[in-house]
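Taking the hints into account, I'd like the entire structure generated from these sequences.
Going down the list, the protein sequences come from chains A and B.
Numbering follows numbering that gives the first Met the number 0, with no gaps: position 143 of the first sequence is 142.
Numbering follows numbering that gives the first Met the number 0, with no gaps: position 39 of the second sequence is 38.
Read the hints as simulated data drawn from the structure, not as lab findings.
Wrong hints could be hidden among the right ones.
[Unchecked claim] Taking lysine-lysine and the DSS-like style, the derived pairs with C-alpha atoms no more than 27 Å apart in a straight line are:
| id | chain 1 | residue 1 | chain 2 | residue 2 |
| --- | --- | --- | --- | --- |
| 1 | B | 21 | A | 87 |
| 2 | A | 440 | B | 102 |
| 3 | A | 449 | A | 497 |
| 4 | A | 488 | A | 432 |
| 5 | B | 148 | A | 147 |
[As the list claims (entries may be wrong)] For each label pair, taking beta carbons as the anchor points, the in silico distance ranges come out as:
| id | chain 1 | residue 1 | chain 2 | residue 2 | range |
| --- | --- | --- | --- | --- | --- |
| 6 | A | 90 | B | 152 | 28 to 36 Å |
| 7 | A | 372 | B | 59 | 46 to 54 Å |
| 8 | A | 289 | B | 156 | 23 to 31 Å |
| 9 | B | 156 | A | 497 | 27 to 35 Å |
| 10 | A | 37 | B | 10 | 33 to 41 Å |
| 11 | B | 146 | A | 208 | 48 to 56 Å |
| 12 | B | 146 | A | 240 | 26 to 34 Å |
| 13 | A | 248 | B | 156 | 49 to 57 Å |
| 14 | A | 208 | B | 23 | 16 to 24 Å |
These figures come from a predicted structure and were not determined experimentally.
Every residue gets a Cβ at the ideal spot worked out from N, C-alpha and C, and that includes glycine.
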Amino acid sequence: MHNRSLEVFGKAGYFNSQLRIALRNCGIIDPGDLDDYLNVRGFEALAKVLSGIKSEAVIAEIKRSGLRGRGGAGFGTGLKWELVAREKSDQKYVICNADEGDPGAFMDRSIIEGDPFSVLEGMAIAGYAVGSDKGIVYIRAEYPLAIKRLEKAIEAARKQNLLGKDILSSGFSFDIEIRLGAGAFVCGEETALMQSIEGHRGMPRPRPPYPSASGLFCKPTLINNVETWANVPVIVVEGAEWFSSVGTEKSKGTKVFALAGKINNTGLVEVPMGTTLRHVIYDIGGGIPGSKKLKAVQTGGPSGGCIPADLIDTPIDYESLGKIGSIMGSGGMIVIDEDSCMVSIAKFFLEFTQSESCGKCTPCREGTKRMLEILTRITEGQGKEGDIEKLERLGNMIKKSSLCGLGQSAPNPVLSTIRYFRNEYEDHIKNKKCTAGACEKMLSYVINDKCIGCGACKRACPVNAISGSTKQKHLINQDLCTKCGECYKTCKFSAIDKG
Amino acid sequence: MNKDNGTKIKELKEYISSVKDKKHGDSYLIAVLHKAQDLFGYVSREVMDEISLEMNIPTAHIWGVATFYHYFSLSPKGKHTVSVCMGTACYVKGADKVLQAIKDHLKIGIGETSKDGVFTLQEARCLGACGLAPVVMIDDKIYGNVTEKNAVTILKEHSKQNPKS
Numbered sequence: 000m001h002n003r004s005l006e007v008f009g010k011a012g013y014f015n016s017q018l019r020i021a022l023r024n025c026g027i028i029d030p031g032d033l034d035d036y037l038n039v040r041g042f043e044a045l046a047k048v049l050s051g052i053k054s055e056a057v058i059a060e061i062k063r064s065g066l067r068g069r070g071g072a073g074f075g076t077g078l079k080w081e082l083v084a085r086e087k088s089d090q091k092y093v094i095c096n097a098d099e100g101d102p103g104a105f106m107d108r109s110i111i112e113g114d115p116f117s118v119l120e121g122m123a124i125a126g127y128a129v130g131s132d133k134g135i136v137y138i139r140a141e142y143p144l145a146i147k148r149l150e151k152a153i154e155a156a157r158k159q160n161l162l163g164k165d166i167l168s169s170g171f172s173f174d175i176e177i178r179l180g181a182g183a184f185v186c187g188e189e190t191a192l193m194q195s196i197e198g199h200r201g202m203p204r205p206r207p208p209y210p211s212a213s214g215l216f217c218k219p220t221l222i223n224n225v226e227t228w229a230n231v232p233v234i235v236v237e238g239a240e241w242f243s244s245v246g247t248e249k250s251k252g253t254k255v256f257a258l259a260g261k262i263n264n265t266g267l268v269e270v271p272m273g274t275t276l277r278h279v280i281y282d283i284g285g286g287i288p289g290s291k292k293l294k295a296v297q298t299g300g301p302s303g304g305c306i307p308a309d310l311i312d313t314p315i316d317y318e319s320l321g322k323i324g325s326i327m328g329s330g331g332m333i334v335i336d337e338d339s340c341m342v343s344i345a346k347f348f349l350e351f352t353q354s355e356s357c358g359k360c361t362p363c364r365e366g367t368k369r370m371l372e373i374l375t376r377i378t379e380g381q382g383k384e385g386d387i388e389k390l391e392r393l394g395n396m397i398k399k400s401s402l403c404g405l406g407q408s409a410p411n412p413v414l415s416t417i418r419y420f421r422n423e424y425e426d427h428i429k430n431k432k433c434t435a436g437a438c439e440k441m442l443s444y445v446i447n448d449k450c451i452g453c454g455a456c457k458r459a460c461p462v463n464a465i466s467g468s469t470k471q472k473h474l475i476n477q478d479l480c481t482k483c484g485e486c487y488k489t490c491k492f493s494a495i496d497k498g
Numbered sequence: 000m001n002k003d004n005g006t007k008i009k010e011l012k013e014y015i016s017s018v019k020d021k022k023h024g025d026s027y028l029i030a031v032l033h034k035a036q037d038l039f040g041y042v043s044r045e046v047m048d049e050i051s052l053e054m055n056i057p058t059a060h061i062w063g064v065a066t067f068y069h070y071f072s073l074s075p076k077g078k079h080t081v082s083v084c085m086g087t088a089c090y091v092k093g094a095d096k097v098l099q100a101i102k103d104h105l106k107i108g109i110g111e112t113s114k115d116g117v118f119t120l121q122e123a124r125c126l127g128a129c130g131l132a133p134v135v136m137i138d139d140k141i142y143g144n145v146t147e148k149n150a151v152t153i154l155k156e157h158s159k160q161n162p163k164s
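Below is the structure:
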């Protein structure tokens, strides 16, 4: 079932060393055509479990496969199913978390847009295994096409009795409903997501009780990420042994990464766990454009960390990435070259998490704000001795004391950049210098010999820092200059150097 | 498209009555707010009062929910909504410069509407089109590989090609 892409696209460099399990049908089948999906052994897994496999056996198979949650934390999927199956309740829920909020990650969107049926099938199998008849897909409102395709897929599956009452005359009923998010990053956190489905502000709550015991509407709830769901049918059809033969000892199967940033081939890459970052970046991604040097790779979105270039031989799995201060996360992989300043990258991520903090717990609400203030100061050339230590102390405190995953991981980008690029921070603070030339406030503008004395910059300068007579080389008074960059934009002769 | 307010309110009420008697009817509040924003372009205080009466949920709670989620706008928008993606991939490829160029051209900040009422500017988190970074979305059309130089041209072209009454 896997790697059909090779048959279709042929031996193209980009696809050669990929192993496409979760993305097996994306770009291959017509996502709007149920027959197309049936042709690629779609719904075979559901039919198989409904034809007499006991629910315990289904869970055991998922457990044996070693599949772990692809949403980021990597919790054992089979174990999660077992916990929900064990609960006694008149109603249980199965949720698909499609609130893909990490900037730079788009695999969930691609799976739903390209292969919506596989997600539905995975959910129905889980419904059978844990004893639930109600599934909910919580999806971002920012993905209108994905929502449309999902609606169509649910409709088509219902018509063929693959969803709804008494599926394939087996006596098992399962139906799926779509609920829309409304642009809150924190709703990707499971307890916040359920609050949102219930129609409230999406704020997380303390665990325990875990959703498996008391989740949506206080009923036992099984919640998995889109990519996890897409893996389920393959495991059922091809078997746990096959699946667990792929990957490393503790991380089985494949992971989809959204490769983006300063890289030649951007796009989704699905590789076996344990593949090295180097292989993904250079062999599949085709390296860095413009013969620039690789500086770092950022994985895991705003909750992850920056991995420096000298560690790119690290194999990608949950444990190895954790060890070097990053996380697997949902699979965003942003390549950063020498033109980027690591301090401002850290600031960028913190700006994101700070404004997305829901405000419920103090460490995250106030702590991220204070960290951002310090970082802003540093990038504006106002950094003080001791700022780095303060950031580290604050960061560790926020990690330990925040209520949910957002706060617990928000300091990661800052802490990991301090760990690997401490010299850049020191440069900003002590020498007031941004080597990458990215921090605007720390640049100086100097007029070079190309200046013909047209006076355009002089007129553009809002603080009258430029002097010089007509047809003579002009001069910028560095004491008056506010580094607004107006002169640089105005000059038509590339006579102003920024650095 | 040009329905009068009465028709819109009626449509909203019909939608509410189709969901409120379902199990856990209150949980459809966010869906109802989506519907309201589709109809009116934004969610006004008056519309919230209307929803409150129909769904029997206090306006204070609705206000709390509507202000929590970025997707809901509480004030009217311009004819075209310009969302500059500030996701990581776009940021690394210079989205901040694109945003600045658009800000300078329209002379507005984020969340504001230009004086002539044509463009509303907003930041987007990630539009999931990272392969085309940096990306700008105008209404629901995605423009990829935007630079600070061509951003303004794209705005002009878009409003020319998609004149809205």
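Here's how the hints hold up against the structure:
Distance hint between residue 21 of chain B and residue 87 of chain A is fulfilled; the C-alpha atoms sit about 24 Å from each other, no more than 27 Å. Straight-line distance between C-alpha atoms of residue 440 of chain A and residue 102 of chain B comes to about 19 Å, which keeps the hinted pair within the 27 Å bound. Proximity of residue 449 of chain A to residue 497 of chain A is assessed by CA-CA distance (about 14 Å); at most 27 Å being required, the pair is judged to hold. A hinted pair counts as satisfied when its Cα atoms are at most 27 Å apart, and residue 488 of chain A with residue 432 of chain A qualifies at roughly 22 Å.
Our distance criterion of 27 Å between C-alpha atoms is broken by residue 148 of chain B and residue 147 of chain A, whose separation comes to about 35 Å. With their beta carbons about 55 Å apart, residue 90 of chain A and residue 152 of chain B fall outside the hinted range of 28 to 36 Å. Distance hint check: the CB atoms of residue 372 of chain A and residue 59 of chain B are about 32 Å apart, inconsistent with the given range 46 to 54 Å. Between residue 289 of chain A and residue 156 of chain B the CB atoms are about 28 Å apart, so this pair conforms to the stated range of 23 to 31 Å.
Separation of residue 156 of chain B from residue 497 of chain A is about 30 Å and conforms to the stated range, judged on CB atoms against 27 to 35 Å. Taken as a hint, the range 33 to 41 Å holds for the pair residue 37 of chain A and residue 10 of chain B, whose Cβ atoms sit roughly 38 Å apart. Residue 146 of chain B and residue 208 of chain A have their C-beta atoms about 51 Å apart, which keeps the hinted 48 to 56 Å range intact. Here the CB-CB span from residue 146 of chain B to residue 240 of chain A is close to 51 Å, at odds with the stated 26 to 34 Å.
Remark: the range hint 49 to 57 Å for residue 248 of chain A to residue 156 of chain B is upheld by a beta-carbon distance near 55 Å. Taking 16 to 24 Å as the suggested C-beta distance range, the pair residue 208 of chain A and residue 23 of chain B conforms, at roughly 19 Å.
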